[in-house]
Every structure is written in structure tokens, then in C-alpha cells.
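*Asks:* Chain U is already provided as a structure; the job is to place chain D on it using the hints.
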Amino acid sequence: MQDFGQAIVLALHLVLAGNADLMEIVGLSLKVSLTAVFASCLIGLPLGAVLAISSFRGRGIVLVLLNALMGLPPVVVGLIVYLFLSNAGPLGWLRLLYSPAAMIIAQAVLITPIIAALSRQVIEELHDEYAEQFRSLCVSLPSAVAALIWDGRYSLVTVALAGFGRAVAEVGAVMIVGGNIDHLTRVMTTAIALETSKGDLALALGLGMVLMVMALVINAAVMALRLTAARFAYA
Amino acid sequence: MLFTRTLSRAACALVFTFAASAAPGGDKSIIVQSTTSTANSGLYDEILPMFQDKTGIRVDVVAVGTGQAIKNAMNGDGDVLLVHAKPAEEKFVADGFGVERFDVMYNDFVIVGPSSDPAGIRGMQDAKAALKKIAGSKALFASRGDNSGTHKKEVALWKAAGIDPTGASGTWYRETGSGMGATLNTASGMSAYTLTDRGTWISFKNRGDLRILAEGDADLFNQYGVILVNPAKHPHVKADLGQAFIDWILSDAGQNAIAGYKLEGQQLFFPNARR
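Protein chains in written order, with the numbering used here: chain U, 1 to 235; chain D, 1 to 275.
Looking at chain D on its own, in the form it has when it is part of the complex:
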């Protein structure tokens, strides 16, 4: 009997603590659907507390690939969308899922690869030419393959270079189907080239033999946009609180917070909201 009594007491305690903590505390919070690249860089940990201090609104960030973030926002599972795939974002707004899209900030992509550099792209600036050399030498290339913003950028670059690497999928072109960090882990493990945003790269710790080999092309520009999920489509969207967040991140305070975030002495994101 002792056993059951203890067990049932433990169970009751458990249910009560859960019920107590699950009850809405009346606090103000919004959900931002965003990307792994921004979350992994640590940017949100830096700037969101500033926003919360000022407004009392807590921001819960769901970090997934851009493709999944947009899909989740289309389902109404979030109040604000902050991603980096401009054409997809504009379609999101055009289809009525978002209110309006604003530029927030940018960073850039870099091509990293093994320091032995079998394709010989070290120091190149022209991203398309670098990809052509990688394809020409059939050196291993790890692709995100997950329809994320970075993946979309990579696909666009291949297309501009006039190469369709998907025919070589599984040979030298390897689609990991996972996030930026996981793909960098894979690239590091098999000494492959890959395209990564600079923010994730700077904060990434398991680089192994990988180095930045090509950078600086205007084509490698990575623009982030912010969109309020349309309350006309999903009535429960916290439009006021979401708009407050968007107003703040586009304001001087928000833009300065973004510019002020540095990792290992390097600025990761460059604010460029049009005011």
C-alpha cells in the first residue's frame, strides 16, 4: 500500500505542478518563426532581452529552415516571420498570408571548403566561377537540400552558373537535408565544400579542416526580411504585439542593437531597414 500511496501522491503532485505552470500567466508574448542561421548565431539572445525590457513582450523564437518557417506561418503558427528568402517572402505576402514585408538586415554567404582546396577556388570572388570549378573537378559539395533560405540561394547560384548539380546527387553533390550546423558538421567530416551564411560560420565550433575559400561576391548577399502574419487570415495572430516587435526592430534602437552584436570581434549582421 505504501507503494501505491507514494505513487499516487507523486502523480498528483506532478499533475498539479503541470496544471499550475501550464495556466496562462497573463504575460505578453509572441511567437516568431525564424531560421536556424539567425538563432544559432546568438543574435536573438542578444537583442530580444532589450526588446523585452522596453516593452514587456517576450519573444519566443521557433528556429527552423526558411521553408518550414514560412509553412508554419502559413498555418498561422506564429505572429511574425523573420527569414531570408526574398522571393518566397514576397509570395507569402502576395498570397495574403502576410501583411507587409520589410528589409531588416543582411549578412553574406561564403563558400567554405577543405584547406587542401582540391577545386582550387581559394581567394576567388566570383561565386558562380567558384561553383563551376567545384563541379568541373567533381570535388565533394555538401548542399543543405532542405528548401531553406540558404539552400534556395545555393540553387539560384548553380542555376546562374549554368550547372544542374542534382544529376550528380549522391556522387560529388551531397544533399544533407538538414540545418546549416548539421551540414557544416557533415562537410567538415567528409572534407566537402559548402555554402554557409557568415553568421553561422563565425559561431560554428566544429570547423575541423574547413576554411573560407571564396567570399565577397554581390551574388552572395543575404537579405533578411520581417513580416507580420496576416490577422485577416488567422484572427488569433497577436497583431498589436507582433507589430510592436516589427516597429522596434526597424527603429533606430532595434537597428543599433543588431549592429552592436559582435561575435569574436566581428559584426555578424548589418542593419539596412529603409526609414
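Just chain U, with the same shape it has in the complex:
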């Protein structure tokens, strides 16, 4: 248990001293995961909205599939993305393997189903209230999707945060497609895995604490933004 005390001291020391390597790793973690969340929202939110308001044969099957994809194991996503981006794979000519872009792609693949499935749930409930109005006004599908996403924005932010949490915490996918290359593709989780494998458990735990504080700050910032925005909206 002495590791915990040591880890807290190490974590504080790293953060307070503004350790350059740590800042680089934290920066890359944020850049990769936030970009992945942004990309996933671009795809996942409209997809979720369309699934929420349209009815077609086999919709139930699509929803079950989508919900199941929320449980995609990161290491499988990493492997699949690796096989595509590898120089022997179909997208090898893009030369993206072992770059932050590859990590963003992997994380986006991982969390798009989460964003789509959760936003489908949120928007479907909202749509129950709006359906009649849409029908009486003959609102087109794209306008309905836009209106629902806009009106559900506060709940959808939580959906995006769930995606961010998953992205920033996973290690399996970025390890394979990023390669954990120092000063290039090393992020918080791969650094933690590396220090664990070196047996430096205190440093690994210290990095873990920094990662958790980072997630806390992001969540608090989004919450604050939301409250400010809500106050402006109802003022």
C-alpha cells in the first residue's frame, strides 16, 4: 500500500514541476480523444437522430446491433484499424499508421456507436413530444434531425462526455495503432501501461491520478459551460 502514498507525491511533483514530458503526453491525450469525440459526434449524433425518428423494416435489429457495438473491445478495434492502415492493408498508402491520426481514427470507431446509441435514446424521448407538431408542419427529415439535436443539446453533451470518457481511458486500441512511440504517439494510458511493465508501479499510479484529474477538469468545464449557456438561454 506504500505505493499509493508514493504515487500521490509523484503525481503532485510531476504536475507542480510542469514536467515537459508529462505535459506533452497529457496534451496528446487531450488532442487525440477530443478530436475523436468531435468526429464521432459529427457522425453519431445525426445517425442517432435519424434512427430515433424513422421507422423501417429491421429497425429493431439495427438498434440491437448498435447497442451491442457499444461494447466493442478496444483491442479488437485497434487490431482492425491496424489491419486497414498497415502498409500491407487496403489503406496503407495513406501512411497513417503510428501517427496521432491513426489513434484518432481508432478511438472514433470505438465511440461512434456509443454516441449514436445513446443519442438515439435521448432523441427518441424528445421526439415523442415533438412528433405531432412535426407531422402537422410537414417538417422534412433533415430539419427535424437538426431541431431535435439542437433542442436536446444539453443531454447530448452528456452523451459526448460518455464518449470522451471511453476514448481517453482506453489503451488497447491506441497501443496497437499508435505504437506508444515516445514524443510521437505516447498518451497517458500507454505511458501507464509502459511504466507498469517496467515495474514502476508508483509512477504508473501517479500518471493514473493525473489522468483522472484531467477527466475531472474536462467534465467540470463542460458542466460550467452548460450552466452558463442555460442561464443565458433563460435570462
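One or more of the hints may lead you astray.
What the hints assert, rightly or not - Facing chain D, according to a computed beta carbon distance under 7 Å, are these residues of chain U, among others:
| hint | residue |
| --- | --- |
| 1 | Ser-86 |
| 2 | Asn-87 |
| 3 | Ala-88 |
| 4 | Leu-91 |
| 5 | Asp-151 |
| 6 | Leu-184 |
| 7 | Ser-197 |
| 8 | Lys-198 |
| 9 | Gly-199 |
| 10 | Leu-201 |
Said to hold, decoys possible - Below, a list of computed lysine to aspartate or glutamate pairs in the EDC-like style, where the Cα atoms sit at most 16 Å apart:
| hint | chain 1 | residue 1 | chain 2 | residue 2 |
| --- | --- | --- | --- | --- |
| 11 | D | Lys-205 | U | Asp-3 |
| 12 | D | Lys-138 | D | Asp-117 |
| 13 | D | Lys-54 | D | Asp-27 |
| 14 | D | Lys-205 | U | Glu-124 |
| 15 | D | Lys-128 | D | Asp-219 |
| 16 | D | Lys-132 | D | Asp-219 |
Think of the hints as simulated: they come from the structure by calculation, not from any bench.
Cβ atoms here follow ideal geometry from the backbone N, Cα and C, with glycine treated the same way.
*Replies:* Same frame as chain U, now just chain D:
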């Protein structure tokens, strides 16, 4: 509105910073597919800056097990391969994936185990005899089980000792299927014997009750080789830059850099390039 405006502004900033940093800066770099044992020892952190200072070429190291490193190199996902499993390396070259294999350096393997030493192998030099005693006493043994260079060495030693431990897999013989460090963590946690390269052992911090119990056998010799990935097979391989790295690591400068790397006063790798 304030909210969306802020959000979209943040998103734009994000996309731009990413696009800017993702654009190729025209800098020279190569990817070396290598093993966790070399990377975890800290050797690359010591010698690669020397190479970069001299040539301006940055070396990005992907550290995985030897099996995965070779597989990645076969897919063309790297310019140079630096691993330790000679038969597999020679096959890699023979199959046309690599240009030529050169000896770079060696270190050695040691058998570590709990200080209580239930199999009684302390001080033994004969690795095969030590493994026989471990198997005979059914003392816990943690195997890498991941087709890495260290794992291949371990399998070869068992074979030479005339024992097939895989039949006991899950009982006293435990395959972790993970890297050297993770396997040492496991061995430390369950007081098991394991085979490790000396470099990882010296730099490993979570030893707990584990000690070096058997060492010094010629069979425990661990040779590293370096190979340029064949540009004839994968045209985008940066053959010039990769060859520059290989020339340097085999030169006096590179070999001295390897010999000069010490951790806690001990030399970890012994250069033995044939010149």
C-alpha cells in the same frame, strides 16, 4: 447561442491545431520495430539522441514482442527490425522481407525466482538442469507465452531439457501471454520462477521477493540482430535512412554507445558487431 458558438470555436481550433501538427514537417525519421526488452531497459533513450545529433534522423521505436515486431515488419510497417530471435530473423531474410541480418550486441538471460527457492536451483549454472529441477518439484514457473524472443529461448531450453511443460499449462506452468515486465510483475506476485533478459531485470523496479538464482550458462546467451526491411518488397521503406541507422549502430561510434550504457553501474548490452 453562446454555448454553440463557444463549442464550434473550440472545435475549429481543435481541428486546426490537429491539422497543423499532423502535416509532415519534412523532418527525417524512420520507424524501428523492436522489442520491449531493449526499449524497457532504457538503451534507446541513451543511444538514439547520439544518432540523431550526428545525422538529423529521428528514430521512432515501436516496442512489442519479437513475434509481433517481425509480423509488423513483414507488413512493411517499419524501416528497420532490431530483435533477438536469430532463427526467426534468418527466416525473415530468407523469405525476402529483409535485406541482410547483422549481429549488433548481446546480453544474457537469467532465471529468477523467489528467494525461498522451492526447487533448489540457487547458484546453478546449467540452465537445462535448473529447469528440470523446477519441473520436477512442480514449482510455479511464469512463461511469457507470447512468441517473443525470450519466449522462444525459453521453449528451446525446455526442449533441450527434454521436458514439455505445456502439458502442465495452467497448473505449475503459467503462460502470461504478455511482455517481460508484465510477466515479471506476475512472477513477483505469485512467487514463481521465470526466465528474463538481464537488461529488463536490472531496470525492473517491482522485484518483490524475486532474486537471480541461475545464470552464466552459454545456453542463456541472447543475441540481437538488426535487419533493413526489404525495399524491394515494400517500396516506401526509407532504405537510405534505415541503412544509415544500421551503418551507425554497427560502427565504432554506435558500438561504443551501446557499451557505454550503464544502469546502476552495470553494463546491460555487449556490442559484438563483426567488422
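*Asks:* Is the hint on U:Leu-201 kept, meaning its closest Cβ partner in chain D is under 7 Å away?
*Replies:* 6 Å, holds
*Asks:* Need the status of pair D:Lys-54, D:Asp-27: alpha-carbon distance at most 16 Å?
*Replies:* 14 Å, holds
*Asks:* Closer than 7 Å between Cβ atoms is the bar; does U:Asp-151 clear it against chain D? Give me holds or violated.
*Replies:* Not OK, violated: U:Asp-151 not within 7 Å of chain D, min 12 Å.
*Asks:* Under 7 Å is the threshold here; is the Cβ of U:Asn-87 close enough to any Cβ of chain D for the hint to stand?
*Replies:* Constraint on U:Asn-87 satisfied, holds at 3 Å.
*Asks:* Tell me if U:Gly-199 is really an interface residue toward chain D, meaning its C-beta lies closer than 7 Å to one of theirs.
*Replies:* U:Gly-199 check passes; min Cβ-Cβ to chain D is 3 Å, inside 7 Å.
*Asks:* Hint validation: U:Ser-86 versus chain D, beta carbon distance must be below 7 Å. Holds or violated?
*Replies:* With Cβ-Cβ at 5 Å, under 7 Å, it holds.
*Asks:* Please verify whether D:Lys-128 and D:Asp-219 have alpha carbons no more than 16 Å apart.
*Replies:* This hinted pair holds, its Cα atoms lying about 9 Å apart.
*Asks:* Given the proposed pairing of D:Lys-132 with D:Asp-219, does the C-alpha separation stay at or below 16 Å?
*Replies:* 15 Å, holds
*Asks:* Between D:Lys-138 and D:Asp-117, does the CA-CA distance stay at or below 16 Å?
*Replies:* 12 Å, holds
*Asks:* Can we keep the U:Ser-197 interface hint, with Cβ of chain D closer than 7 Å?
*Replies:* 3 Å, holds
*Asks:* Close enough to count: is the Cβ of U:Ala-88 nearer than 7 Å to one in chain D?
*Replies:* 4 Å, holds
*Asks:* Return the status of the interface hint for U:Leu-184: holds when the least beta-carbon distance to chain D is below 7 Å, violated otherwise.
*Replies:* 5 Å, holds
When the structure is compared with the earlier hints, violations turn up for hints 4, 5, 14 and for no others.
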